[in-house]
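Student: Based on the sequences and whatever the hints tell you, model everything.
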Amino acid sequence: MTALTLAGRDAGIIAWRNLLNLGRTPGSVIAALVQPLMFVLLLAYVFGGSLGGDDYRVYLMGGIFAQAVTFNAAFTALGLANDMHKGLVDRFRSLPTPRSSVVLGRTLSDLTMSTVTLTVTALCGLLVGWRTDAPAHHVLLGFVVILLFAFAMSWVGATIGLTARSVEVAQSAGLIWLFPVTFVSSAFVSPTAMPGPLRTVAEWNPVSATATAARELFGNVPPAGLGPGDAWPVRNALPYSLLCTAVITAVFMALAVRRYRRITRG
2 MTALTLAGRD
12 AGIIAWRNLL
22 NLGRTPGSVI
32 AALVQPLMFV
42 LLLAYVFGGS
52 LGGDDYRVYL
62 MGGIFAQAVT
72 FNAAFTALGL
82 ANDMHKGLVD
92 RFRSLPTPRS
102 SVVLGRTLSD
112 LTMSTVTLTV
122 TALCGLLVGW
132 RTDAPAHHVL
142 LGFVVILLFA
152 FAMSWVGATI
162 GLTARSVEVA
172 QSAGLIWLFP
182 VTFVSSAFVS
192 PTAMPGPLRT
202 VAEWNPVSAT
212 ATAARELFGN
222 VPPAGLGPGD
232 AWPVRNALPY
242 SLLCTAVITA
252 VFMALAVRRY
262 RRITRG
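Our numbering puts the first residue of the sequence shown at 2, with every later residue one more than the last.
Hints in this document: simulated from the structure, not taken from any laboratory. Mixed in with the good hints, there may be bad ones.
[Unchecked claim] The following label-pair restraints were derived from C-beta to C-beta distances:
#1 Leu128 to His86: 33 to 41 Å
#2 Thr113 to Ala225: 36 to 44 Å
#3 Asp55 to Gly13: 25 to 33 Å
#4 Leu124 to Leu21: 20 to 28 Å
#5 Leu21 to Tyr46: 35 to 43 Å
Even glycine gets a Cβ: it sits at the ideal position worked out from N, Cα and C.
Tutor: Here you go:
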């Protein structure tokens, strides 16, 4: 077997181990599923009435999808920190396993969890009035774009989890950056209503690009007053989203694997 094939096989085994371990920690699964549902119901019915009613609920879902998979990065950070704290990483050091396989296995298992989260969130969206008239292949591509972004975000979480000195620090660090990243974006409101600097950040935010690309592929037209603007990332949301996903994955994959190798050498 080549080194790449061996790494992929071992990563798959570790991913399966992580998924089996979810049965022993049902609370984390419930949290991953309840969180996006809570945002759907709160934003759709608490704020939706003043932001466009039924039209806003349709517009909202692209942002909820992007936010849900971004928040799952916190579970990657916490999962890796738990593995390190419980000594799992030390046990893997004695096995002839490529060092990248442990981190890749974690991100693959969390990508599976993101798929489940996305499915449940989409079903909830249908209940609150979300619809799409786009061709089936456009809808499928929209979900693929979101899942690719989820994979990129899991590597951010992996880097945080491997850098944190304790599970508690990983839990805090894994969450604290998520709120400004997701809310200073076009996930829920239009960046055109934001002050100058925040508007620029929101327009170039990868979360905004992913949400806008998903809405375009789903055929969800923004209500009046909630247009994303006319900046370059907005007019080229799909290619910009894929570019951001590729860059984030490459950068944080390198950082996470490098950090893991440094830990295992110690």
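Student: Run every hint past the structure and note whether it holds.
Tutor: Verification of the supplied hints:
1. About 39 Å separates the C-beta atoms of Leu128 and His86, a value consistent with the hinted range of 33 to 41 Å.
2. A hinted range of 36 to 44 Å holds for the C-beta pair Thr113 and Ala225, which are about 39 Å apart.
3. Under the hint 25 to 33 Å, the C-beta atoms of Asp55 and Gly13, about 43 Å apart, miss the expected range.
4. Taken as a hint, the range 20 to 28 Å holds for the pair Leu124 and Leu21, whose Cβ atoms sit roughly 25 Å apart.
5. Taken as a hint, the range 35 to 43 Å holds for the pair Leu21 and Tyr46, whose Cβ atoms sit roughly 37 Å apart.
Of the hints listed earlier, the one the structure fails to meet is number 3.
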